[in-house]
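Undergrad: Residues per chain are reported as follows:
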Amino acid sequence: MQRRDFVKAILAATAAAPAALAQQQAVPAATPPPPPTAPGPVPWMRGLMEAKQLPIGLLVADSLARPDARYLSDRQFATLRHLCEIFQPSSKGYPGALEAGTPEFLDFLISASPADRQHSFQSGLDRLDSEAQQHFSTAFASTSPQQADQLIRPWLRTWMSDHPPAEPYENFINLIHHDIRTATENSQAWSDAAHRAGKQTPNVDLYWYATDPDLHREGHSLPQIQNHAKA
Amino acid sequence: MADETVDVLIIGSGHSGGMAAKILTQKGISCLMLNAGPVADVPRDTAVKAAYELPYRGFKQPGQLPHVFQSNEFNANTWVDEKEVPYTHDPQKPYNWVRVRLFGGRSLFWSRASFRLSDYEFKAKTHDGYGDDWPISHADLAPYYARVEGIFRVQGELANLPQFPDGNFIPDTDPWCGSMQRFRASAAKRNIPISKQRTSLGLDGLASSVNLLLPDAFATGKLRAIPNVIVRSLTVDKSTGLVNEAHFVDRLTRREMSVKARVVVLAAGTLESTRLLLNSQLANSSGVMGHYLIDQIYGAGFACSVPEARNGRSTEQLMSGSAIIPRFRNISSRESKFLRGYALNVWSGTGGIEPRNFATYGAELQQKLETYHGSGFSTGIMGEVLARRENHVRISKDVVDAWGIPSLHIETNYTDNEFNMARDAVDTGMQIAEDAGFEILTKNYDPNPPGYSIHELGTCRMGDDPKSSVLNKWNQSHDLKNLFVIDGSSFVSAGWQNPTMTISALAMRAADYLAEQMRLGNV
Chain A
1 MQRRDFVKAI LAATAAAPAA LAQQQAVPAA TPPPPPTAPG PVPWMRGLME AKQLPIGLLV
61 ADSLARPDAR YLSDRQFATL RHLCEIFQPS SKGYPGALEA GTPEFLDFLI SASPADRQHS
121 FQSGLDRLDS EAQQHFSTAF ASTSPQQADQ LIRPWLRTWM SDHPPAEPYE NFINLIHHDI
181 RTATENSQAW SDAAHRAGKQ TPNVDLYWYA TDPDLHREGH SLPQIQNHAK A
Chain B
232 MADETVDVLI IGSGHSGGMA AKILTQKGIS CLMLNAGPVA DVPRDTAVKA AYELPYRGFK
292 QPGQLPHVFQ SNEFNANTWV DEKEVPYTHD PQKPYNWVRV RLFGGRSLFW SRASFRLSDY
352 EFKAKTHDGY GDDWPISHAD LAPYYARVEG IFRVQGELAN LPQFPDGNFI PDTDPWCGSM
412 QRFRASAAKR NIPISKQRTS LGLDGLASSV NLLLPDAFAT GKLRAIPNVI VRSLTVDKST
472 GLVNEAHFVD RLTRREMSVK ARVVVLAAGT LESTRLLLNS QLANSSGVMG HYLIDQIYGA
532 GFACSVPEAR NGRSTEQLMS GSAIIPRFRN ISSRESKFLR GYALNVWSGT GGIEPRNFAT
592 YGAELQQKLE TYHGSGFSTG IMGEVLARRE NHVRISKDVV DAWGIPSLHI ETNYTDNEFN
652 MARDAVDTGM QIAEDAGFEI LTKNYDPNPP GYSIHELGTC RMGDDPKSSV LNKWNQSHDL
712 KNLFVIDGSS FVSAGWQNPT MTISALAMRA ADYLAEQMRL GNV
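Quick mapping for you: the protein sequence lines, in order, are chains A and B.
Heads up: the first sequence at position 126 corresponds to 126 in our numbering, and the numbers run straight through without jumps.
Remember, our numbering sits 231 above the position in the second sequence when you count from 1.
In case anyone wonders, no lab produced these hints; they're calculated from the structure.
Be aware that a few hints might be false.
[To be verified] Pairs of lysine-lysine residues, derived as DSSO-like cross-links and limited to a Cα-Cα distance of at most 27 Å, are as follows:
id, chain 1, residue 1, chain 2, residue 2
1, B, Lys568, A, Lys92
2, B, Lys599, A, Lys199
3, B, Lys356, B, Lys599
4, B, Lys712, B, Lys453
5, B, Lys568, B, Lys324
6, B, Lys291, B, Lys314
7, A, Lys199, B, Lys280
8, A, Lys92, B, Lys280
9, B, Lys469, B, Lys491
10, B, Lys712, B, Lys698
11, B, Lys314, A, Lys199
12, B, Lys712, B, Lys354
13, B, Lys280, A, Lys52
Next up, chain B with everything else stripped away, as it sits in the complex (with noise of 0.2 Å):
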């Protein structure tokens, strides 16, 4: 019978993951990869259809994945399916846990935006006095942010913005389309700074942890990885006080088995590393462990058409690419309405506009398809939640998934904070795409269900002290200090930024730690 201890144990193999599988195996560390879903076999598990051919016209199974708003029939068989996976949230609070098991995770399906956070976001606090400030600063992450940027190849322009951090870009020098110019010259009118959107290439145009992290990894030869097995628990050595052993159960045969450790680094998204550690009852000696979710509010924005690019006008010069207007609320001045900040995507394109922004329809819906073909300018906020103790998950006893293990309960809701946010950014982009001559065609003020955005953050946030926070500014569980949890779970605040490079650079960081304190012997 095997009986190994590994050196260190992954679980999860998504950017966290994989990225501290890359790091630990170049030092020369073994590592055992687990993952909870299957290897994708693109060639094998896909195929081009037109909806026509799908069962349900594309309109997708009616019933499935109803809080995965992305979703569709093509796509629907990569989402985890809650009725196999289950959780629970009060009706009137609903929450979008967007989840993907594949080997990957949600890696595979990542829109590439790549931004850095600030010190309005490590250092919150000490600018606004809300909340906590997070035990790092920009200083300590830039030199991982400048690795990770390389390794995603970021492309994008350097703004100069404190609140908007630069990096190691590869430089874009795309110009800017017709009415991109004309929406900027607008904004700046109100001192509104917009730049280019800030974008990883990867590698063909996938910039996921199956090809970017995990190759490397398995080259060094000290990776081996289990796919399709599901962690039910961590349990400790009652001699030595540390994490030794995960229980795990075959997803397809369901066989229950162990394998022990020497180091657990927990890398299975947000919330299932943080199920994982409640269901272990582990690691939790603050009782933070679970509270302070957090994520950002996206869904309030608006549509407008470009007068110029209508009746057959439009053009790339005139209509083409995206861009971002970083956070500008909050920074040298005050809001009276809400804490912290967003910011706008803004896009075009030569595209026909969804006949939802007309309100009529046959033949005069038709010709107005026609007329406003190319025009379509849209906006779409992204929202910094604040982290509050009370938004938090508990385990639910009462509900399993399929394979018997107790599921979390989400408790959580915005507040007016991000109400009034979402309805500054909506009012005050209509303004400038209004004085640049832009026709408004749709807007919403209201976000989307907490957790849409797929940055659920939190929950075993890190902190100098053991009695506020899960882990210190290493990642490290202040408890158990062979016990590593990478993701996004670390987060203190949100920020407005899509997480996943600051998410990238703090595993690299923790990864970097944690191979010098095996050398040193101190894990």
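For reference, chain A alone in the conformation it holds in the complex (with noise of 0.2 Å):
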């Protein structure tokens, strides 16, 4: 409240004064509220710049919650599954690409994907699905890992970064299969499993985070005053 608003405040309390009191006896004269308290090192803001960090560790969610929706059908994540236990299997104390959580965290990831992201990954896990049930009349979830090489490694290819095979299923074969190293490999299962190994968490870089971000929002609108290049 500024100063001007305070003497406003008191004078308008007495003014009224007699009235209330004509009306209510009893009732003690109206006091001012205090003024506000400026910013600063109030007794709480000092506890908290003196409290110490708790405890909480690096924990994920996702290292030990289970999603409560999925996007994929559960035919398409049966596929995923599959494949994830084909492409990346545990080896050598680390977990494999299910221990890893990885076709949840994929299915979170496609969910949120632009839709020609989606219909790449969609399409391809059903066509996979339907060569599986072509050539072994099974599901692709319920292949050997003979079967299942005879209808991948085809489609295998070597590429250079920012330049994955252009034909389609080709693509998603090769994506599918680096995105599935990279979400076991970037998981906190990797993480401790690389610990107890006596080694380093792999992929760890200087995150920056929101510089000053800026307020601009959906259906936010601009000031409407003419500006200079308008005028």
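Dock chain one against chain two, each of which comes alone in its own frame, and use the hints as you go.
TA: Take a look at the structure:
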């Protein structure tokens, strides 16, 4: 409250006092509210500043919690799980893709992806399943490693960064392989395994927080002032 | 109400703006610098994290920064978000416009490759008949290159090649590693030269405006700066015909303000400077502004393995360091399939090899990764893109940024000259590698989309003729003598070289000239 407003409040209270007294003599005269405290260290702020860091540690939710929603269909998700088993099984003390929660993470990642990526991912899973039916009369999720290899290996390519294969199905097979490996090796389970082996967490880097994020939001209108360029 | 007229207004804080500020303030000239983004406070704004701690496990938020191939989840917040500052292009002709608005701009993340242009670039038309010569030669810029190299502490090896001018280098005395020696010997059989890389050492690995240039400018007491303000337009004093005012908007509050200036120095980065001038409808009597957008082709290359470094035998003596094959095509002979030339970056290391270099999976892939660990040897192209009038930018009036400023439409594409050059680079490099006994693992002939190199150049080209160029040889507007554009937009041809040394040398030269003209009372 500005000082001027504070004075106004006192004057208003003074003017109203006789009427109030006439109605209810027992009520003590109104007292103005105390001026607000200036910003600065108040007791609880001092407490916050002096509080010790809690030993929360580095635990991420998907290392122990189960997602409640799934984007892919049951059939697609089963295909994805089997691909994860095949592309990256556990090895030498390191978790496989299933232990790293990779199918659940990729389901989430695809759910948040642009439509063309969603289409590529889902149609690729559907085609893999369809080819398993066609060649082995079973769902891809139920194929043996040898059967799965016959379906996958012809499509594997080498490729350079930023240049995955252009043919859509080749693109799907090679990118999902890459994504399964990346999601697995970037998981907390993988990091824990590295520590158990006396090694450091891979893929540690300098993370940049948003610096002074812009205040622009959807629906936020610009000031309705003629600017000089328009004047 | 403040109504000051500043001596020199500098818009942009990267290498070119920083260099102008340093030179002008050290000559006693007061400058005000405006920058569109905030000042990075690294201890506050960053933290060391593991990928698993990030919301998307290091994949970055889907759909975010689709044109910034260099982005990842760790650095995503440092790039300009194209939803906030959009641009348009034909869907069939993508353009990767990679931008940073933090104070210091893209200089904060510069890879520090430090090369001079040669007269094969400055006088390219004279050499091969295509395009236009610059109005300056290497001899004009050489003294400024030398000063810039001193400030940036460029380390390099003298090569004595006319297409790869030597400079004021800190000698590179590191020995060549074994694999590089073999690659070099193989190239020599084809008369292809290989040199050590030329790199700015800067300070503590950073060669940015904020640690090499701006501290000197602030130390003079002559530089003031305002972050988080986006210049909307420049206007001209009708009585003098000179530019005299910049109108800007506060990034956070959207408050609109103006500042008067005697001289305006544009250093906002090639396309942002051109966008500002096009939006202001200034300095374009030639009609050339926005045209001749050029860059360099990146992305084509190959990866191979050095057999002797496999199975745990990799050592620093065998596998370390990098080198460069400077341009060797179209120097003393003439290629039939493309004009100009390219360089190849070459590097080796003792680390792991990317899994995508092997077409297998599971336990078999793991075995490959272990066997090949430490044997990787790779190359990548840096190739010249020809300057063509049809490759251009224009204002897209229907698309505005978060502050209502009209955006750019970018229209550019590569032609057979670039594609043939990329194919020649990959094939030639692979022949050298195979002759050296290396195993080719992966190759790619396709360049990344235009813009990827972050070396966008041209659109306000310099020249002697006001009818065919925007700037004169001093980076000064032909139309408005108190307007200078000192970033990469003045380039007439791109060359294959990382342009930072040339941009910085041109900025230094323009600032020297401007200071003298101000002293003489001509500006």
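Undergrad: Now tell me if each hint is right for this structure.
TA: Hint-by-hint comparison with the structure:
no.	hint	verdict
1	Lys568(B) x Lys92(A)	violated, 52 Å
2	Lys599(B) x Lys199(A)	holds, 21 Å
3	Lys356(B) x Lys599(B)	violated, 50 Å
4	Lys712(B) x Lys453(B)	holds, 23 Å
5	Lys568(B) x Lys324(B)	holds, 23 Å
6	Lys291(B) x Lys314(B)	holds, 16 Å
7	Lys199(A) x Lys280(B)	holds, 16 Å
8	Lys92(A) x Lys280(B)	holds, 25 Å
9	Lys469(B) x Lys491(B)	holds, 14 Å
10	Lys712(B) x Lys698(B)	holds, 16 Å
11	Lys314(B) x Lys199(A)	violated, 40 Å
12	Lys712(B) x Lys354(B)	holds, 26 Å
13	Lys280(B) x Lys52(A)	holds, 21 Å
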